[in-house]
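Enquirer: Here's the letter readout for the chains.
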Amino acid sequence: MTTVRLPIGPQHPLLKEPLSLQIDVAGEQISEATVRIGYVHRGIEELTRCRSYVQNVHLIERICGICSHIHSTTYCQAVEALLGIEIPPRAAALRVLLCELERIHSHLLWIGVLGEAIGFTTIFMYAWRDRELVLDIMERLSGGRVSHAANIIGGVRVDLGAEEIALIEQTLDTLETRLSLYRDLMVHDRPFRLRTQGIGRLSLETVQALGIVGPTARATGVDVDMRRDAPYAGYGGLSFRVIVGSEGDVWSRADVRQQEIAQSLSLCRQAIRALPEGDLAVRAPARVPEGEVVTRTEAPRGELIYYVRSDGSDRPARLKIRTPTLPALMSLAGLLRGVQAADLPVVIAGFDLCIACADR
Amino acid sequence: MLVLWQMLVFPGALFLISGSLLIAWLDRKIIAKLQGRVGPPWYQPLADMLKLLSKEDIMTVDTDALMATLLPLLAVASTLAAGMYIPVGNRAVMSFEGDLIIVVFLLAIPTLGYFLAGWASGGVYGVLGGNRSLLQYFSYEVPLLIGLSAPALYSGSWQILALMDAQRAYRWHLFSLPVGFFVALIGLIGKLKRVPFDIPHAKTEIGAGPLTDYSGRKLALWKLTIMLQTLVGLNLLVAVYMGGADRMWGAWGYLIYGIKIMTLLAGLAAVQALYARLRIDQMAQLGWRALVPLGLAQMLIALWISGG
Chain R
0 MTTVRLPIGP
10 QHPLLKEPLS
20 LQIDVAGEQI
30 SEATVRIGYV
40 HRGIEELTRC
50 RSYVQNVHLI
60 ERICGICSHI
70 HSTTYCQAVE
80 ALLGIEIPPR
90 AAALRVLLCE
100 LERIHSHLLW
110 IGVLGEAIGF
120 TTIFMYAWRD
130 RELVLDIMER
140 LSGGRVSHAA
150 NIIGGVRVDL
160 GAEEIALIEQ
170 TLDTLETRLS
180 LYRDLMVHDR
190 PFRLRTQGIG
200 RLSLETVQAL
210 GIVGPTARAT
220 GVDVDMRRDA
230 PYAGYGGLSF
240 RVIVGSEGDV
250 WSRADVRQQE
260 IAQSLSLCRQ
270 AIRALPEGDL
280 AVRAPARVPE
290 GEVVTRTEAP
300 RGELIYYVRS
310 DGSDRPARLK
320 IRTPTLPALM
330 SLAGLLRGVQ
340 AADLPVVIAG
350 FDLCIACADR
Chain U
0 MLVLWQMLVF
10 PGALFLISGS
20 LLIAWLDRKI
30 IAKLQGRVGP
40 PWYQPLADML
50 KLLSKEDIMT
60 VDTDALMATL
70 LPLLAVASTL
80 AAGMYIPVGN
90 RAVMSFEGDL
100 IIVVFLLAIP
110 TLGYFLAGWA
120 SGGVYGVLGG
130 NRSLLQYFSY
140 EVPLLIGLSA
150 PALYSGSWQI
160 LALMDAQRAY
170 RWHLFSLPVG
180 FFVALIGLIG
190 KLKRVPFDIP
200 HAKTEIGAGP
210 LTDYSGRKLA
220 LWKLTIMLQT
230 LVGLNLLVAV
240 YMGGADRMWG
250 AWGYLIYGIK
260 IMTLLAGLAA
270 VQALYARLRI
280 DQMAQLGWRA
290 LVPLGLAQML
300 IALWISGG
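Residue numbers (numbering that gives the first Met the number 0), protein chains in the order written: chain R, 0 to 359; chain U, 0 to 307.
Don't take every hint at face value.
Straight line, CA to CA, 30 Å or less: simulated DSS-like cross-link-like pairs of lysine-lysine [as the list claims (entries may be wrong)]:
id: 1; chain 1: U; residue 1: Lys28; chain 2: R; residue 2: Lys15
id: 2; chain 1: U; residue 1: Lys32; chain 2: R; residue 2: Lys15
id: 3; chain 1: U; residue 1: Lys202; chain 2: R; residue 2: Lys15
id: 4; chain 1: U; residue 1: Lys50; chain 2: U; residue 2: Lys28
id: 5; chain 1: U; residue 1: Lys50; chain 2: U; residue 2: Lys202
id: 6; chain 1: R; residue 1: Lys15; chain 2: U; residue 2: Lys222
id: 7; chain 1: R; residue 1: Lys15; chain 2: R; residue 2: Lys319
id: 8; chain 1: U; residue 1: Lys222; chain 2: R; residue 2: Lys319
id: 9; chain 1: U; residue 1: Lys28; chain 2: U; residue 2: Lys202
id: 10; chain 1: R; residue 1: Lys15; chain 2: U; residue 2: Lys54
id: 11; chain 1: U; residue 1: Lys202; chain 2: U; residue 2: Lys54
id: 12; chain 1: U; residue 1: Lys32; chain 2: U; residue 2: Lys50
id: 13; chain 1: U; residue 1: Lys28; chain 2: U; residue 2: Lys54
In short, the hints are calculated from the structure, not lab data.
The task is simple: from the sequences and hints, build the whole structure.
Expert: Right, here's the structure in full:
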């Protein structure tokens, strides 16, 4: 059988972000796959060295258009650790609230993208409609739908009044009812299960060898979550369940995310109900003492690691980011080998890749 | 003169084309409503068509120019020709014993043309999409044909007008041969390449499939073919299974005929909104393991009832 080389990307209807895949297809089966990345490399790590710590908060936020808040949270945490300052409890709780809201809309976005990949456009429309509700809250709180500029070094910039709390409570209730749709989809919808079960299955060995993190790892049975394992911001006092799947296929990942949305809704409620009074931020000096620090947080896609080294000036000497997408990308070529061409979108979309994060 | 009027205006080309544009709009509108969207205004399919017709016609260097030009014309022509044999209201342009087979044949030509169009475009997506459409053709065409022959065997005629006559006074084949209707309907969804059988043009896999490298007039004609196929296919099912137009109602018969078509269309739209795309192997399994045996069983029952 003749082999056809199928280019997927850098521009392709499947991909929301530029990524290039060269797929060799024999008949309907993929015999070889090569992945190329770097199409949205913006040199952000280098750019941070030319800007002051304060300016960098806004640069860092622009790494990703989905999980912008977790990036700035992690960065601020790293700098705060170097400065040796503690953020006020109210700021910590607000960071949790925004992180969880972000997780909800990121997971909904992904469920929509997966739906579109398998030709289920209704799920795409519904999931993105529900995601808008979260973006509305974000806009109300900070003025920005995806770039919130909510974090500053030493605390946060946004605050909740009684009106905002009522709005959030109401939206969370709406989302709670909408969530049953996705639960039904995972459990009962036969076409959905036919297209996602047993597809793109990652073994525990691969996950551990490549260091795959986040919902993808949890769907394989790895019980890891930075929110519980290394609590940051205000997560210490909150109760939630780490969702762990067992199958490791795309369906399992979807199911883990769907359940995680429910946990995030509960975390949001806890955060706003027990919102401590007090300041939003403490003053942080512009110059950061010499030293280096590693901070870890749980981004919607998994563990996010920031390394910051300071030489005592007002600019970082080195900033290194390790995003959860990169290890997942490394497993992609291997996973694609041997699958049906028709399952290609499911395998690729099944990873919730964030190319902008990975390329920076 | 009358024949010319019938062929070109009603119930021929002009009626079929404007009807298919209307059907395309309703289809999009219903799906949009089901998905919680607003949907396009009524003139959107026409506007799309005019825009495509006025756009520059680009061909890649690998395209076989002759094939690429002829195939869409052939596809539109054969679909229109199929439309001539199917009665709208209670009149068909042409009708003779055995025209059901002719219609099925004429409706198969665009599918083969679609495959060849992908092949002629020379692009990777086109070739893959073309292969898939041919594979799909083998999965749905047999169930469709079986589904359409059950009423013919039941009523003892292969003429569409005669089949309509046999269903007078609400003795619809839909009631006597429900399984056959079901098989034919699924076969039709396969023919129209709609969800869950939109495999040949699965956009997240192979872009627009065979039509990826087409633009301008050629693409417009292909889009028109697909819209025409929808109308002609629904027309055929209504005529064969749902009694066609009810003559006893006079001019109201046309309205009722329209309602029947809308009902089927709403069904197709609901399927589109409710299902995910199947894989080609899952589709072949559905076709050969479920639809063909069901259709054959229905055929045997039809033969047994009619005492043939």
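Enquirer: Which of the numbered hints are not met once you compare them with the structure shown?
Expert: Those not satisfied come down to hint 8.
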